[in-house]
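Colleague: These protein sequence lines map, in sequence, to chains A and B.
Just remember that the working numbering sits 2 ahead of the position in the first sequence, which is counted from 1.
Just remember that the working numbering sits 202 ahead of the position in the second sequence, which is counted from 1.
Keep in mind that the hints were calculated from the coordinates and are not lab data.
Computed from a predicted model, the values in this text were never measured in an experiment.
A couple of the hints might just be wrong.
What the hints assert, rightly or not - Stretch-level coverage of chain B by chain A, calculated; a stretch enters the list once three of its residues show a Cβ under 8 Å from a Cβ in chain A:
no.	segment
1	297-303
2	386-398
3	441-452
4	495-505
As the list claims (entries may be wrong) - Once the Cα atoms are required to be at most 27 Å apart in a straight line, the calculated DSS-like pairs of lysine-lysine come out as:
no.	chain 1	residue 1	chain 2	residue 2
5	A	K113	A	K144
6	A	K105	B	K424
7	B	K613	B	K634
8	B	K297	B	K351
9	A	K107	B	K389
10	B	K424	B	K389
11	B	K389	A	K60
12	A	K113	B	K389
13	B	K443	A	K105
14	B	K263	B	K297
15	A	K107	B	K449
16	B	K449	A	K105
17	B	K609	B	K522
18	B	K449	B	K424
19	B	K443	A	K107
20	B	K609	B	K416
21	B	K416	A	K113
22	B	K362	A	K12
23	B	K416	B	K443
24	B	K569	B	K609
In this text, a Cβ means the ideal position worked out from N, Cα and C, and glycines have one as well.
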Amino acid sequence: MGVKLERIVKTYYDNLAAGKITARKCQDCGAVEWPPLLGCNTCGSTNMEWIEISGHGKMIQMVMPSPITQRPEMEDIRPYCLAVVEIEEGPVVNVMVRGVNRKNKNLVMEKMPGVPVHATIIPRDGYDTVIFDLDEVPEVPKKAK
Amino acid sequence: MKNNINQTTLHPYSRSVSIIGVGCTPFMYTMDNPETEGLTEGELFGYAAYKAMEDAGVTPKDVDFYFHGEASPFNGSNYITPNMQVSEWFGMRGKASIHHSEACCTGYLAIEQAVNAVASGKYNVVLTGCVEFGDAVADPNKPAHIRRKFDDNMFQESLKWIYDRAYTRAMMCGPNLHQDDVCAWYKDEYGLTDDQMDDTLIHMAINSRRSASKNPLALARKTYEELAKEHDFDDVMEYMKSFFNPKMTANLRASGLELKCDGAAAAIVCPTEMAHLFTNKKPIEVLGIGNATREANQAHVELLATREACRQVYELTGVKPEEIDLLMANDFFLSSQLCAAEESGYLPRGEGWKYFIEGRTAYDGDKPINTNGGRCSFGHAHAASGLADVYEAVMQMRGECGERQIKKVPKTSFIRGFGGAQNVAAIILRTKE
C-alpha cells in the first residue's frame, strides 16, 4: 500500500472534539503511533490504520513544576506535574498529569514507577488537547492538632 | 528502556579531513559595553572567520566554500538568508555558501557540514562559521549596529519555535520537562536523592566557573568562591544553596542555566594530506561524527539521542571511551555534562556524579569537561557555541590554553552537541601526528 496524502493532524483534533482519542496502528508490525503520524517509526511502513486508544497508562517519571516551567497558560490545569507516561497501546510520551500537588507528591512518588493514569480531553483556545489524570488522587492525612 | 529510536550505520569518509584553523570572538553582552555596543553580524562573523584563516595559514582566496550557521536568523538578525548578508565581510565576495540552522546544535553540525563537503572531494578548503546575537537582537527598521535587548521573557517566548506545532506545543509537557528530564531519570535510575543531585550540579557549576575564570573569551569570569565572599559567605556551598542561586527548575539552580549572549566562532577544514601546505601546526583530524535527533514530545530526548549518536561514532571509528582525554558537552542545562559524560563512556554509568563532586572534571582534574567554562559560564551565543567548543578542543589539543591548559595535552577529544528540541552530534577529534 502506497502513502496517502491525508490530514492526520486535523483528523486527530476533529476526533478529540468528538470525544475520541485516536492513534494510528501499523498494519505491518503492530506498533502504535500516538499522537498519530503518517508512517511507522518502528518499521517504516505507511500501512497505518486509525484506532481509538483506551486512554489508560502508567506514569513512569514525574517532575514537579518550577518557576520557569510554570506557565500562565497552564494555570487552569493546576495542580499538575510534568510526566513521562507509557500508554496501554505502547507509546511512551511526555504529558501533563493532573492531581499531583506539593502536599501529596511524596505519596505519589512512593508508588512510582507505574502509577496508573488516564487520559482526559480538555478545551484550549480554539482546539482540544489531551492531558492525563491520576486514577486515584492520594489524600494526605490531616495532622493531629 | 522501551523507547524506539532508529539507528544509523556510518560509513568512512572518502578522504580524511582535519581542522587546521580556529577562531572565536569573546562571548559577550555587546550592548553592555561601550567598546562592543553596535557590533554587527558581519563584524563578529568576519572576525572569527579571519582569525580562523590566519590560524590556518590560508587567505580568503584559498577558501573554496563557506557554511554559515545562525540558530535564529530572523529573530536575531531579521535575515532569512544570513549567509548572503555577511559573505562580503571577510573577502569572499562571490564564493558559494549555504546557511544552516539547528538551534543550539548549529555550531556542532557546522563542523559536520564542512567535513562532509571536503570528504566528498568537491572542495579542498572550507570555512565554517556561526554567529548569534542572543542578547542584542536586530531592530528590523534600523541599520545593523542599532539593536535591542532580547530579554528573558522574549527569549522564553521564542523557545516555542523549536517545538512541534502538530502536537508538542498543544500537549504542553515536552517544552517544559526537558530541563529536568536528565536529572529526574538519573535520580530514578541510580537512586540519588534530591540533595545529592543538587550537590552534583553545584560542583559542576563551580568547576566550570573556575575554568571560565581563566579564559579571556569567557563571559562570566568571577569564580563562585569570589562571589560568595562578596556576599559575606565563608562557605561557597552555603552561597550556592542560598537565595542568591535559586532553584529555577525542579533540579537546576540559576547557576545551572545558560548565559545567553552574543558571539561568533569559525573553523577551517581541509584534506588531512594537504594540511602541511598551509600550516606547521599538527592537523586535528575529525575521525567521525554521529548524529541523532528526537522530538520533544518523546520521552528522554537528550539521553536517547545522545546514546545513539555516541553508538554511531564509536562503531565507525573504533575509538574506545578510555581513549578520550577531553569531553566538551553543550550544557545549556548544566546536567548535560553528566548525560554526555556517561553516555559517551567518559565517566562510568551511575558513578559520574561523584567525579563532579570530587572536582575531577575541572580543567586540572583527571577527567576534564568543558574547560572553556561551558554554556553557564563561558556563555551561550546559540549557534556559535558549538564552534566555540571546537575552538577550545583544538586549542587544548595544541597545548595553547594557557592557565586552563590540561596538564596532559589531550590527543583525543569528544564533543557532544545538543540543541533544537533536539539534534545531537557526537564528534571525535584526534591530533594527527
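Colleague: Taking the hints in turn, state whether each one holds.
Modeller: How the hints compare with the structure:
1. 297-303: Not satisfied, violated; 0 residues make the cut.
2. 386-398: Coverage by chain A holds for the segment 386-398 of chain B (3 residues, Cβ < 8 Å).
3. 441-452: holds (count 5)
4. 495-505: holds (count 5)
5. A:K113 with A:K144: It holds: about 20 Å lies between the C-alpha atoms, which stays within 27 Å.
6. A:K105 with B:K424: violated, 39 Å
7. B:K613 with B:K634: holds, 9 Å
8. B:K297 with B:K351: violated, 33 Å
9. A:K107 with B:K389: Status holds; Cα separation ~16 Å.
10. B:K424 with B:K389: violated, 30 Å
11. B:K389 with A:K60: Status holds; Cα separation ~19 Å.
12. A:K113 with B:K389: Roughly 15 Å between the alpha carbons, so the hint for K113 (chain A) and K389 (chain B) holds.
13. B:K443 with A:K105: holds, 23 Å
14. B:K263 with B:K297: Satisfied, since the Cα-Cα distance of roughly 9 Å is no more than 27 Å.
15. A:K107 with B:K449: holds, 18 Å
16. B:K449 with A:K105: Since the Cα atoms of K449 (chain B) and K105 (chain A) sit roughly 19 Å apart, the hinted pair holds (cutoff 27 Å).
17. B:K609 with B:K522: Within the cut-off at roughly 21 Å; holds.
18. B:K449 with B:K424: Since the Cα atoms of K449 (chain B) and K424 (chain B) sit roughly 20 Å apart, the hinted pair holds (cutoff 27 Å).
19. B:K443 with A:K107: Holds. K443 (chain B) to K107 (chain A) sits at ~23 Å (cutoff 27 Å).
20. B:K609 with B:K416: holds, 14 Å
21. B:K416 with A:K113: violated, 47 Å
22. B:K362 with A:K12: holds, 21 Å
23. B:K416 with B:K443: holds, 24 Å
24. B:K569 with B:K609: Given pair K569 (chain B), K609 (chain B) holds - Cα atoms ~11 Å apart, limit 27 Å.
In summary, the numbered hints that this structure violates are 1, 6, 8, 10 and 21.
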